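Respectively, the protein sequence lines represent chains A and B.
Throughout the first sequence, residue numbering follows numbering that gives the first Met the number 0, covering 0 to 177 in sequence.
Throughout the second sequence, residue numbering follows numbering that gives the first Met the number 0, covering 0 to 127 in sequence.
Because the hints were derived from the structure by calculation, they are not lab data.
Just so you know, not all the hints are guaranteed correct.
[Stated by the list, open to error] Capping the alpha-carbon separation at 25 Å, the derived lysine-lysine pairs in DSS-like fashion look like this:
{"id": "1", "chain 1": "B", "residue 1": "126", "chain 2": "B", "residue 2": "55"}
{"id": "2", "chain 1": "B", "residue 1": "87", "chain 2": "B", "residue 2": "27"}
{"id": "3", "chain 1": "A", "residue 1": "112", "chain 2": "B", "residue 2": "55"}
{"id": "4", "chain 1": "A", "residue 1": "79", "chain 2": "B", "residue 2": "8"}
{"id": "5", "chain 1": "B", "residue 1": "126", "chain 2": "A", "residue 2": "79"}
{"id": "6", "chain 1": "B", "residue 1": "123", "chain 2": "B", "residue 2": "87"}
{"id": "7", "chain 1": "B", "residue 1": "71", "chain 2": "B", "residue 2": "87"}
{"id": "8", "chain 1": "A", "residue 1": "112", "chain 2": "B", "residue 2": "8"}
Keep in mind it's a predicted model, so treat the numbers as computed, not measured.
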Amino acid sequence: MRWMWIDRVVELVPGQKLVAVKGVSLAEEHLHDHFAADSARGLAAAPVMPASLIIEGMAQSGGILVGHAEEFRQKVILAKIGRAELRRDATPGTTLRYTATAERIDAQGASIKGLVELFDHAKPGEGYQAIGQIELVFSHLDHNMGGAGQTGSEFPSHNFVFGEGFKTLLRSSGIAVS
Amino acid sequence: MTRDAIFEKVREVLVDALAVDEDEVTAKASLVDDLGAESIDFLDIVFKLEQTFGFKIAQGELFPENVMKDPKYVKDGKVTTEGLARLKERLPHVDFASFEASPEIAKVATVFTVDTLVNFVENKLNKA
Chain A
0 MRWMWIDRVV
10 ELVPGQKLVA
20 VKGVSLAEEH
30 LHDHFAADSA
40 RGLAAAPVMP
50 ASLIIEGMAQ
60 SGGILVGHAE
70 EFRQKVILAK
80 IGRAELRRDA
90 TPGTTLRYTA
100 TAERIDAQGA
110 SIKGLVELFD
120 HAKPGEGYQA
130 IGQIELVFSH
140 LDHNMGGAGQ
150 TGSEFPSHNF
160 VFGEGFKTLL
170 RSSGIAVS
Chain B
0 MTRDAIFEKV
10 REVLVDALAV
20 DEDEVTAKAS
30 LVDDLGAESI
40 DFLDIVFKLE
50 QTFGFKIAQG
60 ELFPENVMKD
70 PKYVKDGKVT
80 TEGLARLKER
90 LPHVDFASFE
100 ASPEIAKVAT
110 VFTVDTLVNF
120 VENKLNKA
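Could you build all of it, start to finish, from the sequences and the hints given here?
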């Protein structure tokens with residue numbers, strides 16, 4: 000299973016904004032455990048996208064925005080989730096839309112504000128509804144090993160963050176990548 | 000901007016970045032020891048101060064990045080006399096008195112208090 004939690008980048012304003020979508024599908028293995036039926040409590044199965052993976056989708060959107068701004072030379076890693084609020088569940092047959100807006104990108108890292116919206120294909124007239132906000136801080140690993148004066152961990156010299164999975168996503172979204 | 004007004008805004012930044020209550024953010028509170036700041040929080044604090052006050056903070060201007068990487072300034076896990084002098088020169092907003100007695104590099108982050116941030120903002124706004 001590839002760890003791609005966004006399907007397509009639909010809009011990219013370099014260094015400023017990235018919008019990506021993700022379709023929630025019953026073919027996703029983990030949905031059958033999240034949540035599985037509980038006969039002891041008389042509960043039917045209720046497949047719901049885990050909030051942690053919604054945050055991951057936003058992190059991938061933000062990470063690509065930040066990485067793209069530096070032509071993917073930097074190892075951009077998610078360092079902090081400042082705040083995450085999600086008010087509705089994303090169920091199979093809905094599409095999530097992530098809008099990552101860069102508040103600040105510099106040599107050490109970046110601060111991203113994220114908006115999560117949901118489109119219910121059973122109610123197309125409602126369009127995308129805002130369901131949450133997520134604030135993220137990314138670190139440029141080679142410039143800022145976590146913060147003020149820390150050293151210690153060894154990381155590979157090649158850019159292990161932006162591998163083939165991401166490159167495929169970018170190419171199929173029409174974004175040039177080497 | 001008055002020092003009080005600066006303090007109010009710095010407090011808001013810290014409540015936001017560190018998820019602490021307003022009343023925990025006192026002038027002498029240490030960011031690491033009292034408010035639970037971790038290394039990545041320092042980067043978040045820099046970003047939030049920039050947004051709040053509208054200025055840019057260069058790497059190493061608020062927190063001592065570059066000094067700590069130089070082997071002349073750190074020896075056997077302790078900051079050398081030269082290193083300490085350099086720190087004081089580069090970071091006039093920091094009170095290093097308590098650090099001088101036992102200048103272990105691993106503990107340098109503990110000298111940063113809320114006052115340190117207020118001093119920094121005051122200095123920067125006055126220079127503008």
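For each hint, the structure was consulted:
| no. | hint | result |
| --- | --- | --- |
| 1 | 126/B x 55/B | holds, 13 Å |
| 2 | 87/B x 27/B | holds, 19 Å |
| 3 | 112/A x 55/B | holds, 19 Å |
| 4 | 79/A x 8/B | holds, 22 Å |
| 5 | 126/B x 79/A | violated, 32 Å |
| 6 | 123/B x 87/B | holds, 16 Å |
| 7 | 71/B x 87/B | holds, 15 Å |
| 8 | 112/A x 8/B | holds, 20 Å |
Hint compliance for this structure: hint 5 is the single one not met.
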